[in-house]
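Participant: From first to last, the protein sequence lines are chains A and B. Read in order, the letters of the first sequence correspond to residues 1 to 323 in this note's numbering. Read in order, the letters of the second sequence correspond to residues 1 to 232 in this note's numbering.
Hints in this document: simulated from the structure, not taken from any laboratory. Keep in mind that a hint or two might mislead.
Claimed, not checked - Here are the simulated DSBU-like pairs of lysine-lysine, each with C-alpha atoms no more than 35 Å apart in a straight line:
no., chain 1, residue 1, chain 2, residue 2
1, A, Lys102, A, Lys301
2, A, Lys110, A, Lys301
3, B, Lys138, A, Lys187
4, B, Lys87, A, Lys110
5, A, Lys102, B, Lys85
6, B, Lys138, A, Lys188
7, A, Lys188, A, Lys102
8, B, Lys138, A, Lys46
All figures in this text were calculated on a predicted structure; none of them were measured in a lab.
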Amino acid sequence: MIAFERINKTYPGGTVAVRDLTLTVAEGETLVLLGTSGSGKTTTMKMVNRLIEPTSGQIRIAGQDIMVQDAVTLRRGIGYAIQHIGLFPHMTVAENIAVVPKLLQWPGQKINSRIDELLSMVGVDPDEFRGRLPSQLSGGQKQRIGVARALAADPPVILMDEPFGALDPITREQLQNEFLDLESEIKKTIIFVTHDIFEAVKMGDRIALLHEGVVQQLGTPREIVLNPANEFVSDFLGHHRFQLSLLTKTIRSILRELQITPQSAPAEQPTDFLPARSTLIDALDAFQAASQDSLPVYDAKQFQGWVARHQLFQVVAQVMGEA
Amino acid sequence: MSMLAMSQFLQDYGSDIIRLTGDHLVLTFMAVAIAAALAVPTGVLLAMCPWRRFSNVMLGIVNIFQPIPSLAMVALAGALFIFLKEKLGWGFLRSTGFAPGLVALVAYALLPIIRNTYTGVRQVDDTIVEVAMGMGMKRVQVLFRVQLPLAVPFILAGLRIATVWTIGTATLVSLIGASSLGGLIFTGIARSRISLILAGAIPAIILAMVFDLFLGATERRLTPDENIINTK
Numbered sequence: 001m002i003a004f005e006r007i008n009k010t011y012p013g014g015t016v017a018v019r020d021l022t023l024t025v026a027e028g029e030t031l032v033l034l035g036t037s038g039s040g041k042t043t044t045m046k047m048v049n050r051l052i053e054p055t056s057g058q059i060r061i062a063g064q065d066i067m068v069q070d071a072v073t074l075r076r077g078i079g080y081a082i083q084h085i086g087l088f089p090h091m092t093v094a095e096n097i098a099v100v101p102k103l104l105q106w107p108g109q110k111i112n113s114r115i116d117e118l119l120s121m122v123g124v125d126p127d128e129f130r131g132r133l134p135s136q137l138s139g140g141q142k143q144r145i146g147v148a149r150a151l152a153a154d155p156p157v158i159l160m161d162e163p164f165g166a167l168d169p170i171t172r173e174q175l176q177n178e179f180l181d182l183e184s185e186i187k188k189t190i191i192f193v194t195h196d197i198f199e200a201v202k203m204g205d206r207i208a209l210l211h212e213g214v215v216q217q218l219g220t221p222r223e224i225v226l227n228p229a230n231e232f233v234s235d236f237l238g239h240h241r242f243q244l245s246l247l248t249k250t251i252r253s254i255l256r257e258l259q260i261t262p263q264s265a266p267a268e269q270p271t272d273f274l275p276a277r278s279t280l281i282d283a284l285d286a287f288q289a290a291s292q293d294s295l296p297v298y299d300a301k302q303f304q305g306w307v308a309r310h311q312l313f314q315v316v317a318q319v320m321g322e323a
Numbered sequence: 001m002s003m004l005a006m007s008q009f010l011q012d013y014g015s016d017i018i019r020l021t022g023d024h025l026v027l028t029f030m031a032v033a034i035a036a037a038l039a040v041p042t043g044v045l046l047a048m049c050p051w052r053r054f055s056n057v058m059l060g061i062v063n064i065f066q067p068i069p070s071l072a073m074v075a076l077a078g079a080l081f082i083f084l085k086e087k088l089g090w091g092f093l094r095s096t097g098f099a100p101g102l103v104a105l106v107a108y109a110l111l112p113i114i115r116n117t118y119t120g121v122r123q124v125d126d127t128i129v130e131v132a133m134g135m136g137m138k139r140v141q142v143l144f145r146v147q148l149p150l151a152v153p154f155i156l157a158g159l160r161i162a163t164v165w166t167i168g169t170a171t172l173v174s175l176i177g178a179s180s181l182g183g184l185i186f187t188g189i190a191r192s193r194i195s196l197i198l199a200g201a202i203p204a205i206i207l208a209m210v211f212d213l214f215l216g217a218t219e220r221r222l223t224p225d226e227n228i229i230n231t232k
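So here's chain A without its partners, still in its complex pose (with noise of 0.2 Å):
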């Protein structure tokens, strides 16, 4: 768990970039810092590994005041990531993915089978890709391997920065979707930066909206789509409050609120299926594409029952008239 604690930053010269700010982030919560350049998003990010330190208040990491530890101890201990210009240029890809592992003074064995693990995990071909320099991979590759060694040492506690702002639209939203089964099996603590509404939708549990250093609204993506806090609020979702309604649900959640239960399992997951982390416009496109009536679900290969087209529909027209 993280807890700031009324914390203001003031740079030298007076800007002030943070204003009595407090908010506390669960254990396995991903929390999106949202807002404009010059909001306090990233300040209030780096605040947390101090590379900026506080001008007052305090934050704690499971309980423990990060001012009192060794700032480069409690670094290791947390995974940082950020846009693709993150990746060490002189190293591979190894060596990238190596470097808190090697901090830590790893065995030397635990590091190579902890980097093909890594590399498995995000969808990158450990023997092809291992040796490469980053400059001899793609954006949405460069973009895998910047998660994969902010995860390497398995740290409680992730940091993004913008971790997915340099991408095309199609690779991005197919990292996001990756990144959201990725840590359903995973569970940390992440602290998520975005300019992007759209994606701290999508990406949060709850999602803090900030502008000139003050936090707006605090809530999950749902309460913020449907019941904005301000004007400010209303205005930063503009007009894609019924796009961002329809991505603030989840089949997941419809699974929970029809009461579907795990029935009539099918006897291997067929390629039509519907993830649980899909949401309504997932879901709607997945249907679109299907010829069946009914779509199973499956939560990180685990299957969890089935959707009906019709009953799809229903929460749809729901959720259009909440918005």
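Given chain A, put chain B in place with the hints provided.
Facilitator: Coordinates of chain B only, in the frame set by chain A:
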């Protein structure tokens, strides 16, 4: 020159040419090695210096010295040694010869290495340095594992420039008594003998070209291929 005259010439001067080429190389290597040992750490310290204004002033001073003509630098080194011996009474010094020649060459080679090292360390993207810190590297680890490796191509370029300049300037230090290929050139000029002038000049030219090519190739081989790939 006929073949006969040529063979006579080589018989007379061949061993001199070889010996002086050797002296020339020894002077060059020692000068560049000493200069690098002084200039690389200086460049790194300037680049890492938290007081920007101080490092800017120091770089400014380096840049002021840069355009000093090589002959003037040789003359200054000669003058310095005469001053030390005659005025300060450092009798153990010889005011001409290897030592003042080496000092002149070292002083001249320092500047490009300091400048390139500084540039090499400073050109590393701030984001990269911040990520390294954020991942839990200590300041020294950031320097040795990230900044210096990324500065290598720049430092090598500095060494190449310094080496080529030093090979050229080393011909001049024979004016203050250091033994180099310059000896043949100046004797040739004094006696109006083209063959002697060429016997000094041609090996010096070849040395400069060979080192430029060799060090240039090393530089390219050690440069991360980011740029090459991006132009594809």
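Participant: Does each hint fit the structure? Answer for all of them.
Facilitator: Quick rundown of the hints versus the structure:
no.	hint	verdict
1	A/Lys102 / A/Lys301	33 Å, holds
2	A/Lys110 / A/Lys301	28 Å, holds
3	B/Lys138 / A/Lys187	29 Å, holds
4	B/Lys87 / A/Lys110	67 Å, violated
5	A/Lys102 / B/Lys85	55 Å, violated
6	B/Lys138 / A/Lys188	25 Å, holds
7	A/Lys188 / A/Lys102	22 Å, holds
8	B/Lys138 / A/Lys46	17 Å, holds
Checked against the numbered hints given earlier, this structure breaks hints 4 and 5; the rest are met.
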